[in-house]
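**Q** Chains as they are written, first to last, in numbering that gives the first Met the number 0: chain A, 0 to 265; chain B, 0 to 783; chain C, 0 to 165.
Think of the hints as simulated: they come from the structure by calculation, not from any bench. Any given hint might turn out to be false.
[Stated by the list, open to error] Restraint ranges, calculated between C-beta atoms of paired labels, are given here:
(1) ASP240/A <-> MET0/C: 38 to 48 Å
(2) VAL2/B <-> ASP79/C: 22 to 32 Å
(3) PHE626/B <-> ASP240/A: 46 to 56 Å
(4) GLY119/C <-> ALA491/B: 51 to 61 Å
(5) GLU22/A <-> ALA97/B: 40 to 50 Å
[Stated by the list, open to error] Chain C is faced by these chain A residues, among others (derived, beta-carbon under 10 Å):
(6) TYR1
(7) ILE34
(8) ARG51
Note that beta-carbon positions come from the ideal geometry of N, C-alpha and C, so glycine has one too.
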Amino acid sequence: MYSTSYHRASSVADAVKLLKKAEDGKFVSGGMTLIPAMKTRLAAPSDLVDLRHIAELKGIRISGKNVTIGAGTTHAEVAANDKLASVCHAIVHMASHIGDPHVRHLGTLGGSIANNDPAADYPAATVALGATIVTNKREIAAEKFFTGLFETALKDDEIVTGVTFTAPAKCGYEKFRNPASRYAMAGVFVAKGKDGVKVAVTGAGEDGVFRSREIEAALTKKFEPSALEGMTVPSKNLMSDLHASADYRANLVVVMAKRAVAAANA
Amino acid sequence: MGVEGIGARVARKEDKRFITGSGRYVDDMVVPGMKHAAFVRSPHAHADVKKIDTKAAEAMPGVIAVLTGKQLKADGIGNLICGWMVHSKDGTPMKMGAWSPLAVDRVRYVGDAVAIVVAETRGQARDAAEAVEVTYKERKAVTSAVDALKKGAPQLHPEADGNLIYDWELGDRAATEAAIANAAHVTKMHIVNNRLVPNAMEPRAALGHYDKAEDHYTCWTTSQNPHVARLVMSAFYNVAPENKLRVIAPDVGGGFGSKIFIYPEEIVCLWASKKAGVPVKWVADRTESFLTDAHGRDHVTEVELAFDDKHRMIGLKVDTIANFGAYMSLFSSSVPTYLYATLLSGQYAISAIHANVRAVYTNTAPVDAYRGAGRPEATYLLERVVETAARELGVSPAELRRKNFIREFPYQTPVIMAYDAGDYEASLEAAMKAADYAGFEKRREKAKKAGKLRGIGMSCYIEACGIAPSAAVGSLGAGVGLWESAEVRVNAVGTIEVLTGSHSHGQGHETTFSQLVSDRFGVPIDSVSIVHGDTDKVQMGMGTYGSRSGAVGMSAIVKALDKVEAKAKKIAAHLMEADEGDIVIENGECKVAGTDKSVPWFQLALAAYTAHNLPGGMEPGLKEGAFYDPTNFTFPAGCYICEVEVDPDTGVTEIVQFVAADDFGNIINPMIVEGQVHGGIAQGIGQALLEGTSYDPASGQLLTASYMDYTMPRADDLPSFSVSHQNTPCPGNPLGIKGCGEAGAIGSPPAVINAITNAIGNNDLTMPATPQTVWKALHAATKH
Amino acid sequence: MSEVAMVVNGRKVSGAVEDRTLLVHYLREHLGLTGTHVGCDTSQCGACVVHMDGKAIKSCSILAAQASGADIVTIEGLADGADLHPVQAAFKEHHGLQCGFCTPGMIMAATDMIRRHPEGLDEATVRAELEGNICRCTGYHNIVKAILAASKTMAKAGKGKTKKAA
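Put together the whole structure using the sequences plus the hints.
**A** Below, the structure is given as structure tokens:
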């Protein structure tokens with residue numbers, strides 16, 4: 000790791016102030032992606048502004064079907080929230096399968112979406128759920144928030160403070176994990192709500208999370224795994240690497256979508 | 000057998016320190032004034048080193064020294080060597096290229112070390128290593144051994160024309176070709192044995208300490224054989240004479256072969272310690288381990304297995320290309336020759352065998368022994384071709400094997416080895432029963448209804464352990480003898496220290512070796528201490544690898560115990576005025592058989608040291624040493640059965656059951672033996688399903704250089720294993736032990752692949768059978 | 000440099016560290032607690048697992064400065080004096096370790112796992128929960144056995160609920 004300067008923020012306002020003073024600073028929340036990247040010298044921020052101790056970023060609030068999750072909420076906290084499970088089981092299921100137990104104890108929702116790793120799970124969930132990303136400056140629709148590999152609509156001094164969404168009637172998430180890293184190689188979040196069917200795919204797209212219009216169309220007709228029987232999705236714009244060619248990923252997207260629908264209907 | 004004697008399931012003595020966080024690994028060592036090292040490594044697979052500018056690095060904070068290969072050479076440090084001479088079939092010696100611990104003119108793989116930086120902290124050393132400016136002129140690289148043999152391929156070493164290290168053969172070519180020509184059936188296959196990275200969980204590390212006052216070096220290193228490290232560093236690398244070099248391998252976090260070899264880093268840390276005037280510690284990070292630990296396997300083979308009309312094996316022809324990487328590692332030459340081709344007869348009576356092996360340089364990490372070393376490659380080859388032949392012949396795989404089993408011992412194979420004992424049928428029967436082989440079709444039907452493809456596969460392996468008779472390996476080119484040493488010291492109060500040249504890095508020697516002593520004298524294992532891993536304490540030893548610590552290391556202890564017992568009996572007889580032949584030592588007492596006369600063990604020991612009343616002419620003390628040189632290899636064997644379910648939608652293979660039935664000869668501690676089998680199987684399943692090492696063919700970059708891309712077996716990749724033993728004692732050593740350390744890794748890969756190919760109906764499947772690979776093979780099969 | 004202060008194995012510790020110092024290096028090099036190991040660079044092997052404020056975390060993926068103010072328990076602090084923690088005892092009894100390098104992380108992960116599953120554990124759950132811990136020696140067979148056994152012992156003793164940070 001290169002040298003860096005550590006700062007602990009006590010509030011969102013404090014965090015913004017600390018970052019503004021830094022030459023090339025970065026916010027760190029759970030640090031589950033950033034610290035490993037710094038260790039391997041792939042990231043070298045001059046300053047780290049730690050958001051983990053900011054009370055206002057934490058917590059899950061549920062009112063009817065309306066859910067707000069604070070950006071500082073860990074994956075373990077989301078995974079263990081029974082009330083959230085009764086409203087939107089899929090997001091709880093998803094959180095309980097991010098990384099491993101130790102990573103889930105530190106990793107946060109805010110860190111996951113602000114980093115927008117192409118294999119992260121939360122981007123798929125927020126897009127499919129039609130969630131709104133709330134920052135210290137504004138509210139952004141999830142679909143507009145993720146702009147490319149590791150790219151988001153966030154400005155330098157903008158901090159994700161939380162995510163809000165209305166739980167859909169049905170939703171499900173299934174992922175196929177990269178055998179080595181255990182990150183998603185194809186993760187599909189399906190949701191059937193007021194605005195119809197939304198299907199978001201992570202781990203597979205060259206530009207990160209994307210909506211599969213083909214699967215959405217099929218599931219709009221019939222929200223059943225059988226609706227996807229025999230269908231293929233284009234492999235163009237899918238990632239191809241050691242572990243999975245674009246063709247194989249395209250297959251996995253359909254298979255995971257089927258399983259996600261089955262889970263949503265269960 | 001006592002509660003702590005031979006055959007007892009004794010909980011391990013060494014566990015206490017490991018479960019409380021008190022183990023002492025190299026990275027835990029702190030020497031006053033110690034500084035930290037980082038290596039500057041080549042980012043290119045193949046390049047000329049034009050210039051190394053250390054000025055900027057030297058000016059960085061905390062930097063004490065930046066040292067290069069030129070300085071190393073000027074100080075007379077020698078090149079690394081391969082210690083086993085293999086001759087090509089034309090009689091010429093193997094072509095060994097120079098391997099400088101720090102590259103001087105040329106780098107030949109990504110990770111090749113070119114300089115060392117010593118600094119106050121690890122972070123500062125790494126910062127400065129990045130600031131060393133090396134000017135490279137890139138050359139074309141080649142990573143596949145098959146490509147490296149082609150005309151026009153980039154050439155690695157001037158010594159090895161066409162990158163060919165040797166072109167070696169074993170067996171009778173004419174007889175084998177004739178058998179194939181006259182065969183009723185020939186099964187032909189193209190078999191690739193995938194390159195693996197050993198991945199001991201403790202990364203390699205070295206701490207070099209030069210003591211100016213004594214002109215003496217100490218090296219703490221992650222080694223499976225510290226004495227060999229000292230020998231080689233003294234005799235070949237010119238680090239220091241043996242009496243001025245102490246090598247200590249403290250707790251070592253796994254080896255699996257990768258810590259047998261002497262690497263550049265320990266040599267350079269010792270040299271740098273003198274040069275920089277400070278103790279120098281280096282600890283590899285995981286990516287450094289991936290880049291520079293010796294890899295394993297990496298064979299490409301064409302094989303033909305011929306049968307007569309009664310389905311008897313009459314000829315086996317093998318043509319193998321073995322990738323050696325950029326340099327010849329310490330024992331590399333022996334792996335695809337004397338540890339591979341000599342095992343090609345497997346458990347079968349095959350009348351004619353011929354193997355041709357070409358060893359080849361490529362721009363990849365050096366390749367050497369990894370758990371099983373040559374024997375997994377032989378077993379995978381043979382057991383895949385046998386299973387495939389059964390399918391082609393339309394006979395049951397078990398029947399085809401049974402028909403060809405060797406049943407009379409000793410049995411001389413056509414490829415050097417003389418098997419001394421075994422009962423292959425017993426293991427096959429036991430495995431089939433444990434796996435409910437007969438009930439498989441029902442399970443297959445049930446799985447089919449659930450949308451899964453179920454398959455079953457078996458593998459009957461044999462290996463040669465107890466490495467090895469010194470004269471025999473000497474005649475085959477080994478540079479060292481492969482005996483083992485032991486010393487048993489009975490202290491004046493009766494506690495006992497056993498000094499051994501074996502080295503434990505997970506095998507539990509502190510427990511099993513103590514069990515031997517407890518069994519012999521009836522003393523509690525807590526009164527026995529095992530001393531190992533330090534060249535100042537143990538005079539000489541050959542270390543631990545090739546499942547040799549039981550068959551060879553413990554045999555040496557038995558010899559020393561024999562001498563101690565003989566002397567103790569003489570003293571006891573003298574003290575009790577009895578006949579020496581009537582003395583029995585048990586339960587911590589020396590007794591006169593048939594009487595109530597006895598002397599407690601501690602009192603006898605005291606008598607040996609007070610020397611007030613010893614038999615006339617006897618020297619005081621009770622301490623004996625022994626060297627044991629094996630008379631033959633040992634031949635563990637067994638049968639493994641794997642049952643899988645393949646998800647046709649994703650290609651995911653689930654191992655639904657895995658059965659191992661092994662013949663290890665006599666067993667000292669069944670719990671530890673089972674643990675060895677479990678671990679071996681996990682590595683074998685890892686090779687079969689998960690672990691692939693991938694270099695980019697154009698750039699020579701290692702694509703699988705971390706756990707992000709190299710798939711390590713995790714708990715949820717594996718089932719619990721069913722393990723049993725059908726032991727025939729080994730006639731060749733005093734304990735009847737064959738060895739158990741490598742069997743799991745040797746026997747399991749073909750069982751897994753045979754099961755998957757059975758499930759998907761396609762014999763054309765390469766390891767690792769990742770979900771994508773299986774999915775593609777399945778689709779290729781259904782298209783037919 | 001940062002001033003860090005925390006409680007480690009029940010003892011208050013403090014000191015100045017380079018900001019880039021990882022918690023694992025603070026524990027090993029500043030406090031001499033070398034039971035916590037480093038086995039990879041990518042946060043996957045779990046040899047470095049310790050408990051922070053009662054939860055298992057990877058000490059290689061957090062700066063010492065980030066952990067300042069926390070209550071840390073390492074493998075050295077798990078046993079109750081001379082009495083082994085039930086998970087430590089089970090690893091020994093069931094031969095759940097060989098070379099010992101991954102063992103501290105395994106044991107710290109296992110105690111956390113048992114804490115999170117007061118309802119008890121089955122083999123599939125244990126295997127899934129070990130995703131963040133890699134062992135190269137045991138094939139996990141006896142690790143799984145040890146954790147299941149410890150979980151039962153602790154449920155009987157009621158320790159799963161009362162023992163702090165374990």
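**Q** Broken hints, numbered, in rising order?
**A** none
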